[in-house]
Every structure is written in C-alpha cells, then in structure tokens.
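This is what each chain is made of:
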Amino acid sequence: MKVLVPIKRVIDYNVKARVKADKTDVDLANVKMAMNPFCEIAIEEAIRLKEAGTATEVVAVTIGNKSSQEQLRTALALGADKAIHIETEEKLESLHVAKLLSKIVEQESPELVILGKQSIDSDNNQTGQMLAALTGRGQGTFASKVDVQAGTVNVTREVDGGLQTVALKLPAIVTTDLRLNEPRYASLPNIMKAKRKPLDVIAADSLGVDLAPRVQLVEVNEPEKRSGGIVVEDVATLVEKLKTEAKVI
Amino acid sequence: MKTLVIAEHDKGVLKPETNKTITAAVKLGFDVDLLLAGENLAAMSEQAASIAGVSNVLIADDAAYANQLAENLADLVLSLADNYSHIVASATTTGKNFMPRVAALLDVAQISEIIDVIDADTFKRPIYAGNAIATVKSLDSKKVITVRASSFDVAPEQAPVAVTSVAGKGSVGLSEFVSEEQTESERPELTAAPVVISGGRGMQNGENFALLNGIADKLGAAIGASRAAVDAGFVPNDMQVGQTGKIVAPDLYIAVGISGAIQHLAGMKDSKVIVAINKDPDAPIFQVADYGLVADLFDVLPELESAL
Chain C
1 MKVLVPIKRV
11 IDYNVKARVK
21 ADKTDVDLAN
31 VKMAMNPFCE
41 IAIEEAIRLK
51 EAGTATEVVA
61 VTIGNKSSQE
71 QLRTALALGA
81 DKAIHIETEE
91 KLESLHVAKL
101 LSKIVEQESP
111 ELVILGKQSI
121 DSDNNQTGQM
131 LAALTGRGQG
141 TFASKVDVQA
151 GTVNVTREVD
161 GGLQTVALKL
171 PAIVTTDLRL
181 NEPRYASLPN
191 IMKAKRKPLD
201 VIAADSLGVD
211 LAPRVQLVEV
221 NEPEKRSGGI
231 VVEDVATLVE
241 KLKTEAKVI
Chain V
1 MKTLVIAEHD
11 KGVLKPETNK
21 TITAAVKLGF
31 DVDLLLAGEN
41 LAAMSEQAAS
51 IAGVSNVLIA
61 DDAAYANQLA
71 ENLADLVLSL
81 ADNYSHIVAS
91 ATTTGKNFMP
101 RVAALLDVAQ
111 ISEIIDVIDA
121 DTFKRPIYAG
131 NAIATVKSLD
141 SKKVITVRAS
151 SFDVAPEQAP
161 VAVTSVAGKG
171 SVGLSEFVSE
181 EQTESERPEL
191 TAAPVVISGG
201 RGMQNGENFA
211 LLNGIADKLG
221 AAIGASRAAV
231 DAGFVPNDMQ
241 VGQTGKIVAP
251 DLYIAVGISG
261 AIQHLAGMKD
271 SKVIVAINKD
281 PDAPIFQVAD
291 YGLVADLFDV
301 LPELESAL
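Line order of the protein sequences matches chains C and V. My numbering numbers the first residue of the first sequence as 1 and each following residue consecutively. My numbering numbers the first residue of the second sequence as 1 and each following residue consecutively.
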C-alpha cells in the first residue's frame with residue numbers, strides 16, 4: 001500500500017508571529033521556519049505503517065517555493081521514500097492546495113493520504129477534507145488512532161464530546177490530531193542518506209489547476225490586548241473582588 | 001440572497017453553539033433557514049423553530065445523518081445549496097469535518113472560524129493561533145463559513161416558525177459509524193459553561209484534578225485543562241482548552257497551575273474575567289489575568305473551596 005503525505009512549511013511553532021507595520025500580513029522575513037507540527041505527526045504515522053509492513057512506500061509532497069524543499073528533505077530523513085515538490089511562488093489557499101494535491105493523487109494512486117489537520121499559520125483546517133471531496137474518498141479527520149484492515153481503515157477521531165470511530169472504504173484520506181503519535185527525530189546518518197533520495201520538482205502551473213484567488217486578504221491586525229490586572233494577596237481578597245468588583249460569582 | 005445554517009446537535013439536544021451561530025448568520029443580513037439532519041428530530045425542531053432570526057426550520061430525518069458523518073452530511077447540504085448564497089455552521093469538530101467538504105464540492109473557498117461579520121462578504125478570523133486577526137473578503141459567489149461560536153452571543157427566543165421536511169439522500173457509501181466513547185460528566189460543557197476552571201502541569205497528576213471538583217460544584221463550572229496536562233496524561237484530550245483544543249469564552253475563567261503558553265491563551269483569552277493561580281510570579285498567564293494569586297495551588301484550592 002502506498003501512502004502519500006502532504007506537508008507544509010510554516011513558521012516554527014515556538015516563534016510568536018508579528019503583524020507587519022503596514023498591516024498587510026504577518027511578517028515572516030528572517031523568521032525560523034519548520035515543518036508544520038501536525039504534518040510531522042502525519043509523516044510519523046506513515047512511517048510506522050511502513051515499519052509495521054502495512055505500507056510499502058511513503059511519498060511526501062509539498063507545495064511552495066524552493067525553500068520548502070528543506071521540509072521535504074526532513075521528511076525523507078525521517079523515512080519517506082521519495083518526495084515531490086510542487087513549486088510556486090504564489091501564496092495559495094486551501095482549495096488550490098487540495099486541487100493540486102488531487103492531481104498528485106491521480107498520478108501516484110495512494111491507498112491512503114495522511115495530512116495534518118491544520119497548519120499553524122492560516123489555521124484553516126480544510127485541506128484534507130477538501131482533498132477527500134475532490135477525490136471522492138471518505139475522510140477520517142482529527143485522528144487519534146488509525147487501524148488499516150483489508151479494504152478499510154478504522155479511524156478513531158477526537159470529537160468535542162469524546163472519541164468517535166468510523167470505518168472508511170480504502171482508498172481514503174486521514175487527517176492527524178495531536179495524540180496520534182509522538183514524532184521521532186531524524187538521525188544524522190538518515191539526514192545524510194536523505195540527500196540521495198529522489199525529489200521530483202513539478203511547476204504548479206503545469207498541473208492545469210485554476211490558482212486565481214478566492215479570498216482577498218484585506219488587512220491583518222494585532223489582536224486586542226488584554227490589559228494585565230492586579231495581584232491579590234490571598235484567597236479572601238480574591239473571592240471578595242470576584243463578588244463585588246467583577247461581579248461574576 | 002439567503003442563508004442556510006446547519007444545526008449542531010447531540011443525543012437529541014440542540015447545542016448552544018447553534019444559537020450563537022444563528023446570531024452570526026443574522027448579521028449577514030438575509031433570511032436564515034436552519035437545517036437539522038439526523039434521526040428523531042421532532043423535539044429538537046420545536047426548539048430550533050424558537051431561535052430568534054430563524055425563518056424556516058428544515059428537517060432531514062435519515063439514518064445516514066445519525067452520526068453526522070461528513071460524507072453523507074456534505075451530500076445533503078450540497079443538494080440544498082442552490083437555494084442559498086451563504087452556508088454557515090459552527091466551527092465544532094462536526095462543522096470543521098463536513099463544511100470544507102461542502103466547499104470543495106461547490107468549488108468555493110471556505111472562510112474558517114469567523115469571529116466577526118463586517119458585511120455579507122467580509123469577515124474577521126484569527127490566524128497564527130490568535131496572534132493576528134485577518135480581515136478577509138470572499139470573492140466567491142457562494143460563501144461557505146464556519147463560526148467560532150464563543151465570539152457571538154446566544155440568540156434570543158421567538159414565536160416558533162414553520163418546520164418543513166426535506167428528503168434525506170441516504171448514505172454515499174464511503175464511511176460507516178463504528179462506535180463512540182462519550183465522556184460522561186454531570187458538569188456543563190466546556191464551551192457552554194458560564195465558569196470554567198482549568199488545571200495545568202502544576203496539578204502534577206490526574207488524581208489532583210479532584211481538587212477542582214468542589215470548586216466547580218460550587219460555581220457550576222466546567223473543568224478544563226491545558227495541553228501540557230493532557231500531554232502528560234493527567235486528563236483526556238476532550239478537556240483541553242487551547243488552539244488545538246476547545247475555544248472558550250466564559251464569564252469567569254480560573255487557570256490553576258497553568259503557565260500560559262501561547263497555545264493555551266488562544267483558547268481562553270476572550271473570557272470576560274480571568275483568574276490565575278500559580279506559584280511562579282513570572283508565569284505569562286499573569287499578563288492576561290484580571291486577578292492573579294501567586295501561591296501554591298495545593299494550599300489555595302482547599303481554601304478557595306471553603307471560601308465560596
């Protein structure tokens with residue numbers, strides 16, 4: 001079984017995003033970038049499926065400028081067999097990304113596509129579901145457990161009230177939640193080996209997808225700041241303040 | 001121009017997120033129809049018909065929608081989409097699951113987790129874990145929108161409007177419900193509770209979360225947790241408040257032994273009043289707290305319980 005793992009290069013999760021002075025966007029100049037944390041979990045899950053003998057090949061794919069090849073090399077170092085870079089300088093939306101990925105799904109025919117549930121920059125949480133719609137596949141989103149059987153995959157999903165398990169016909173799409181697994185680190189020998197693994201580059205505009213914007217970014221602002229409050233001496237003062245000043249109890 | 005809202009419900013109860021999402025939908029400026037899809041909808045449809053701002057309630061009674069499977073629900077919404085300019089649902093795990101599927105099938109973008117409606121095309125939404133707020137304008141003719149319910153008020157009641165049945169479409173045959181594990185709790189739901197008390201890594205273990213019970217009982221509070229407490233295995237993930245967990249905005253939020261990582265603040269900083277209890281005076285949580293208490297939580301919690 002072939003597993004396709006789309007990944008995204010994003011701001012490192014330890015870095016606090018700052019809004020540009022002209023409010024046109026978030027300032028990413030000279031900011032540390034990394035693989036989106038949910039995508040790391042997706043790669044890890046695919047590699048575990050390969051180690052368990054369920055998957056035969058793991059293909060990582062990303063869409064972005066030349067720098068995003070760094071994240072593909074990371075995926076290869078972690079254990080992916082080959083990588084595909086869909087190159088573009090444009091800032092694409094989830095729908096564009098899902099359409100481009102659907103072209104790769106056509107080419108590669110993976111039985112399973114595993115994606116992160118959302119990227120920590122745009123926080124959209126859309127691409128996996130859209131890819132499932134465009135490829136006519138079932139979707140197991142926010143997965144905390146993935147169990148591949150003959151012809152089906154059982155996915156346990158993190159939902160608001162607890163956990164829900166669904167059975168999807170293969171081929172299917174899975175998106176990862178945080179508790180699915182704990183990603184490994186790439187070892188130095190594997191990082192060296194990854195440099196020789198195949199990495200194909202495809203121009204995004206060669207795939208026949210309309211990449212015209214559907215959403216216009218009008219403005220980006222800092223969130224309203226909460227002004228810090230006061231430090232109280234003891235529990236009695238706290239309860240008193242909550243009753244008489246804040247009037248919330 | 002007309003808006004379709006897909007109701008969020010569970011176990012025969014309409015979720016409070018639905019009322020708040022109606023408030024957002026009304027702000028778009030058009031008539032609002034509310035779709036209820038599932039089984040045994042009679043009691044809920046009465047409740048739905050009484051939410052102010054709803055013009056019509058549509059019910060699709062079909063076993064295919066009993067567990068809100070995204071593939072089937074998206075297929076149903078798609079069959080109704082021609083009549084609507086705006087399709088709206090709460091950004092719950094259900095809405096987040098099926099709505100992007102609807103958007104892709106309609107070949108339009110989705111605007112995720114809006115926190116404000118500027119006009120029928122323009123919305124505000126948080127990005128980068130709430131560290132920036134984007135104002136975005138949809139260029140598509142049809143808008144698919146999910147709503148961060150905690151940013152909108154509960155819609156008031158009205159005299160009930162008409163309820164109409166629409167044909168179910170059955171299962172599209174891609175997915176089946178297997179099982180669910182619901183967290184049993186007598187307490188209010190995190191996203192609906194007027195008071196939330198959350199524990200962090202400072203709680204040290206799962207047993208110590210019991211120290212929050214008495215306080216929660218007295219305040220009618222829901223109990224939450226930081227991601228650190230969930231990752232450490234103290235409590236289950238559905239208690240997680242934060243960017244990757246639940247977004248809450250209660251009247252009172254009490255953070256106990258929580259340092260205040262960006263990802264936690266993203267889930268609670270819109271609370272009306274925030275109390276922080278932490279023994280580290282430099283913990284970032286104090287920068288957003290209205291009232292801070294620098295003390296050992298194990299001394300303070302029993303004291304707080306008896307003072308209430």
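To be clear, the hints were calculated from the coordinates, so they are not data collected in a lab. Be aware that one or more of the hints could be misleading.
Below 27 angstroms or equal to it, Euclidean Cα-Cα: the simulated DSSO-like pairs (lysine-lysine) are [said to hold, decoys possible]:
hint, chain 1, residue 1, chain 2, residue 2
1, C, K91, V, K142
2, V, K2, V, K27
3, V, K269, C, K243
4, C, K241, V, K269
5, C, K32, V, K269
6, C, K241, V, K272
7, V, K272, C, K16
8, C, K16, V, K279
9, C, K225, V, K142
10, V, K124, C, K247
11, V, K279, C, K225
12, V, K124, C, K20
13, C, K243, V, K272
14, V, K124, C, K243
15, C, K82, C, K50
16, V, K124, C, K16
17, C, K66, C, K91
18, C, K169, V, K169
19, V, K269, C, K16
20, C, K247, V, K279
21, C, K103, V, K142
22, C, K82, C, K169
23, C, K247, V, K11
24, C, K225, V, K269
25, V, K169, V, K269
26, C, K20, V, K137
27, C, K145, C, K50
28, C, K243, V, K218
29, V, K269, C, K20
30, V, K137, C, K23
31, C, K145, V, K11
If you're wondering where the values come from, they're calculated on a predicted model, not measured in any experiment.
Quick rundown of the hints versus the structure:
Our distance criterion of 27 angstroms between C-alpha atoms is met by K91 (chain C) and K142 (chain V), whose separation comes to about 22 angstroms. Taking the CA atoms of K2 (chain V) and K27 (chain V), the gap is near 12 angstroms; set against the 27 angstroms cutoff, the hint holds. The hinted pair formed by K269 (chain V) and K243 (chain C) meets the criterion: a straight-line CA distance of about 21 angstroms does not exceed 27 angstroms. Annotation: proposed proximity of K241 (chain C) to K269 (chain V) holds, straight-line Cα distance about 20 angstroms (limit 27 angstroms).
Distance check on the hinted pair: K32 (chain C) and K269 (chain V) sit about 26 angstroms apart at the alpha-carbon level, within 27 angstroms; holds. A distance of roughly 14 angstroms separates the Cα atoms of K241 (chain C) and K272 (chain V); the hinted pair therefore holds under the 27 angstroms criterion. In summary, the hint linking K272 (chain V) to K16 (chain C) is supported, as the alpha carbons are separated by about 24 angstroms, within the 27 angstroms threshold. Restraint check: the Cα-Cα separation between K16 (chain C) and K279 (chain V) comes to about 25 angstroms, which is no more than 27 angstroms; the hinted pair holds.
Taken as a hint, the K225 (chain C) and K142 (chain V) pair is broken in the structure, with Cα atoms around 34 angstroms apart against an allowance of 27 angstroms. Of the pairs offered as hints, the one joining K124 (chain V) and K247 (chain C) is violated, with about 30 angstroms between alpha carbons and a cut-off of 27 angstroms exceeded. For the hint pairing K279 (chain V) with K225 (chain C), the CA-to-CA distance comes to about 24 angstroms; that is within 27 angstroms, so the pair holds. As the CA atoms of K124 (chain V) and K20 (chain C) are separated by approximately 17 angstroms, the hinted pair is consistent with the 27 angstroms bound.
With a CA separation close to 14 angstroms, the supplied pair K243 (chain C) and K272 (chain V) stays within the 27 angstroms bound. Distance check on the hinted pair: K124 (chain V) and K243 (chain C) sit about 34 angstroms apart at the alpha-carbon level, beyond 27 angstroms; violated. For the hint linking K82 (chain C) to K50 (chain C), the alpha-carbon distance of about 13 angstroms falls within 27 angstroms, and the restraint holds. For the proposed pair K124 (chain V) and K16 (chain C), the alpha carbon gap of about 20 angstroms is at most 27 angstroms, so the pair holds.
Distance hint between K66 (chain C) and K91 (chain C) is fulfilled; the C-alpha atoms sit about 13 angstroms from each other, no more than 27 angstroms. A C-alpha spacing of about 19 angstroms is found between K169 (chain C) and K169 (chain V), which places the hinted pair at or below 27 angstroms, so the restraint holds. For the given pair, K269 (chain V) sits about 16 angstroms from K16 (chain C) by alpha-carbon distance, which is consistent with the 27 angstroms threshold. Distance hint between K247 (chain C) and K279 (chain V) is fulfilled; the C-alpha atoms sit about 25 angstroms from each other, no more than 27 angstroms.
As the CA atoms of K103 (chain C) and K142 (chain V) are separated by approximately 25 angstroms, the hinted pair is consistent with the 27 angstroms bound. With a C-alpha separation of about 26 angstroms, the suggested pairing of K82 (chain C) with K169 (chain C) holds against the 27 angstroms cut-off. About 34 angstroms separates the Cα atoms of K247 (chain C) and K11 (chain V), which puts this hinted pair outside 27 angstroms; it is violated. For the hint linking K225 (chain C) to K269 (chain V), the alpha-carbon distance of about 9 angstroms falls within 27 angstroms, and the restraint holds.
At most 27 angstroms may separate the alpha-carbon atoms for a hinted pair to count; K169 (chain V) and K269 (chain V) exceed this at roughly 41 angstroms. For the given pair, K20 (chain C) sits about 19 angstroms from K137 (chain V) by alpha-carbon distance, which is consistent with the 27 angstroms threshold. Restraint check: the Cα-Cα separation between K145 (chain C) and K50 (chain C) comes to about 16 angstroms, which is no more than 27 angstroms; the hinted pair holds. Of the supplied pair hints, the one linking K243 (chain C) and K218 (chain V) holds, its CA atoms being roughly 14 angstroms apart against a limit of 27 angstroms.
Using a Cα cut-off of 27 angstroms, the hinted pair K269 (chain V) and K20 (chain C) holds, with the two alpha carbons roughly 22 angstroms apart. Under the criterion of a C-alpha separation no larger than 27 angstroms, the hint pairing K137 (chain V) with K23 (chain C) is consistent with the structure, at around 15 angstroms. Straight-line distance between C-alpha atoms of K145 (chain C) and K11 (chain V) comes to about 24 angstroms, which keeps the hinted pair within the 27 angstroms bound.
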